[in-house]
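Starting from the structure of chain A, add chain B where the hints point.
Line by line, the protein sequences are chains A and B.
Numbering of the first sequence is given in numbering that gives the first Met the number 0, commencing with residue 0 and proceeding in unit increments.
Numbering of the second sequence is given in numbering that gives the first Met the number 0, commencing with residue 0 and proceeding in unit increments.
I should point out that these hints are in silico values taken from the structure, not numbers from a laboratory.
Misleading hints may appear alongside valid ones.
[To be verified] Here are the in silico distance ranges between beta carbons for each label pair:
id	chain 1	residue 1	chain 2	residue 2	range
1	B	R15	A	N121	25 to 33 angstroms
2	A	D79	B	G95	20 to 28 angstroms
3	B	I158	A	E11	19 to 27 angstroms
4	B	S105	A	Q75	37 to 45 angstroms
5	A	T84	B	S29	41 to 49 angstroms
6	B	N59	A	K30	49 to 57 angstroms
7	B	R15	A	D166	18 to 26 angstroms
8	A	I158	B	A52	20 to 28 angstroms
9	B	R65	A	A52	56 to 64 angstroms
10	A	I137	B	I158	35 to 43 angstroms
11	B	R96	A	I158	22 to 30 angstroms
12	A	S105	B	E163	21 to 29 angstroms
13	A	H147	B	S56	43 to 51 angstroms
14	A	T13	B	K108	35 to 43 angstroms
[Said to hold, decoys possible] Derived DSBU-like pairs (lysine-lysine); straight-line CA-CA distance at most 35 angstroms:
id	chain 1	residue 1	chain 2	residue 2
15	B	K42	A	K88
16	A	K150	B	K108
17	A	K42	B	K88
Predicted model, so just to flag it, every value in this text is computed and none were measured.
Beta carbons are placed, not taken as given, at the ideal position from N, Cα and C, and that holds for glycine.
Listed here are the chains, written in short residue letters.
2 protein chains.
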Amino acid sequence: MSAEQYTERVPEPTLRRLPWYLSVCRLLKSKGEQFVSSTRLSKETNIVASQIAKDLSCVNVIGRTRVGYEIDNLLQVLEDFLGFTRMHKAFLFGTGRLGTALLNDSGLKQFGLEVVAAFDVNHRIVGHTVSGIPVYHISELEKQMRRHHAKIGVLTVPIDSAQEVADKMVVWGIKAIWNFTPLRIRVPSNIVVQNTSLYAHLSLMFNRLDGLQGEDEDK
Amino acid sequence: MSAEQYTERVPEPTLRRLPWYLSVCRLLKSKGEQFVSSTRLSKETNIVASQIAKDLSCVNVIGRTRVGYEIDNLLQVLEDFLGFTRMHKAFLFGTGRLGTALLNDSGLKQFGLEVVAAFDVNHRIVGHTVSGIPVYHISELEKQMRRHHAKIGVLTVPIDSAQEVADKMVVWGIKAIWNFTPLRIRVPSNIVVQNTSLYAHLSLMFNRLDGLQGEDEDK
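Chain A on its own, in the form it takes in the complex (with noise of 0.2 angstroms):
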């Protein structure tokens, strides 16, 4: 059964979860065990046990009485499910900080995310490479296109010259854009966007500190 045919089936809360489960498995794999059970998985991801056997059922892993999951299948089963086994080429739209530091994050190819060329308009970095991978002139996009193929854009350009470059991407053949920019952008309905803002998720843990504190004095 491909990727593709689970899809419809799983609710986005468990594809939520599912990341979790994955890491609780690489975490007690790299300590040598090999089974995992669900009142283990719960203990550590606070997620009740019988939620746990329905999200894994989902992705038809049924575990075995007494002994439980069987850690590397699960891995293997959660890892090809997430995307993580399969390469994804991606086009990185801006070098500034966060863009370089992306680039530099050799970890994104661990799962599955292989940025292949970025671009830029500057023109010291033009023509130059980071961590290996070329810099190209975002006029450069069309060819570059023909070339690699690549169906995910990753967007970390400022915030004034966002939406045009998005607007670029999906001219030129990108289906999903992960957005780094804490600009809400405009896409076509058939464009997938992941939203990343560092500043938002800033704001919320900012909030909820606040209301902390605000609690603790009106005790």
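Relative to chain A, chain B alone:
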């Protein structure tokens, strides 16, 4: 009215949308504009105008008939409400690739997060500085906490030490953990955890992209 007093009234979905409005205001201000209507905000964010008016009334901002919102005022209220105008002291744990990238990111300081010290166990980096921020051995946490009273801990260690380091943070007084590891850390309920796992976001994007391709093939 202090930020603490707002907190209870603002629902999380609103909290998640406020940074979008802030980004649009910044963008429009950089273009020299002074006012923004909710229609314009709606066009730029793809959020219906009535929802925007409702969200902004949660932070006590009311638009004026015809002219809309004054951008400078909206910027000030949103930045203040989102916590970006107050400096929050933080410690960073784990100076690997991602930790170093975050220490190099001067953008965090503009958004109210000031990392005052970093911790690691690697003797090649302990005793040095990264972007001017001193790196201490984790055993010096208690001492540094007495000095800085940081409330926020940024967790960028490998998963096999994530829980152990989170425990130490809680013991010595950290109240909010910004967790960049893909591990679900377990902490007491009065500790704020903000999860920002790049790999979980990546898998959500892959999954939606695969689903999309499945749909295309069906056509």
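Evaluated hints:
1. Hint check: B:R15 to A:N121, Cβ distance near 32 angstroms, so the stated range 25 to 33 angstroms holds.
2. Under the hint 20 to 28 angstroms, the C-beta atoms of A:D79 and B:G95, about 26 angstroms apart, fit the expected range.
3. For the hinted restraint 19 to 27 angstroms between B:I158 and A:E11, the CB-CB distance of approximately 23 angstroms keeps it satisfied.
4. At roughly 41 angstroms, the beta carbons of B:S105 and A:Q75 sit within the given window of 37 to 45 angstroms.
5. A hinted range of 41 to 49 angstroms holds for the C-beta pair A:T84 and B:S29, which are about 43 angstroms apart.
6. Separation of B:N59 from A:K30 is about 52 angstroms and conforms to the stated range, judged on CB atoms against 49 to 57 angstroms.
7. For B:R15 and A:D166, the hinted distance range of 18 to 26 angstroms is satisfied, since their beta carbons lie about 24 angstroms from each other.
8. A C-beta distance of roughly 23 angstroms is found between A:I158 and B:A52, which places it inside the suggested range of 20 to 28 angstroms.
9. Distance hint check: the CB atoms of B:R65 and A:A52 are about 58 angstroms apart, consistent with the given range 56 to 64 angstroms.
10. The hinted window of 35 to 43 angstroms between A:I137 and B:I158 holds, with their beta carbons roughly 37 angstroms apart.
11. For the hinted restraint 22 to 30 angstroms between B:R96 and A:I158, the CB-CB distance of approximately 25 angstroms keeps it satisfied.
12. Between A:S105 and B:E163 the beta carbon distance is about 25 angstroms. The supplied range of 21 to 29 angstroms therefore holds.
13. Distance hint check: the CB atoms of A:H147 and B:S56 are about 47 angstroms apart, consistent with the given range 43 to 51 angstroms.
14. Between A:T13 and B:K108, the C-beta spacing of about 37 angstroms keeps the proposed range 35 to 43 angstroms intact.
15. A hinted pair counts as satisfied when its Cα atoms are at most 35 angstroms apart, and B:K42 with A:K88 qualifies at roughly 32 angstroms.
16. The straight-line distance between the Cα atoms of A:K150 and B:K108 is roughly 34 angstroms, inside the 35 angstroms bound, and the hint therefore holds.
17. Straight-line distance between C-alpha atoms of A:K42 and B:K88 comes to about 31 angstroms, which keeps the hinted pair within the 35 angstroms bound.
The structure fails none of the hints (numbered hints given earlier).
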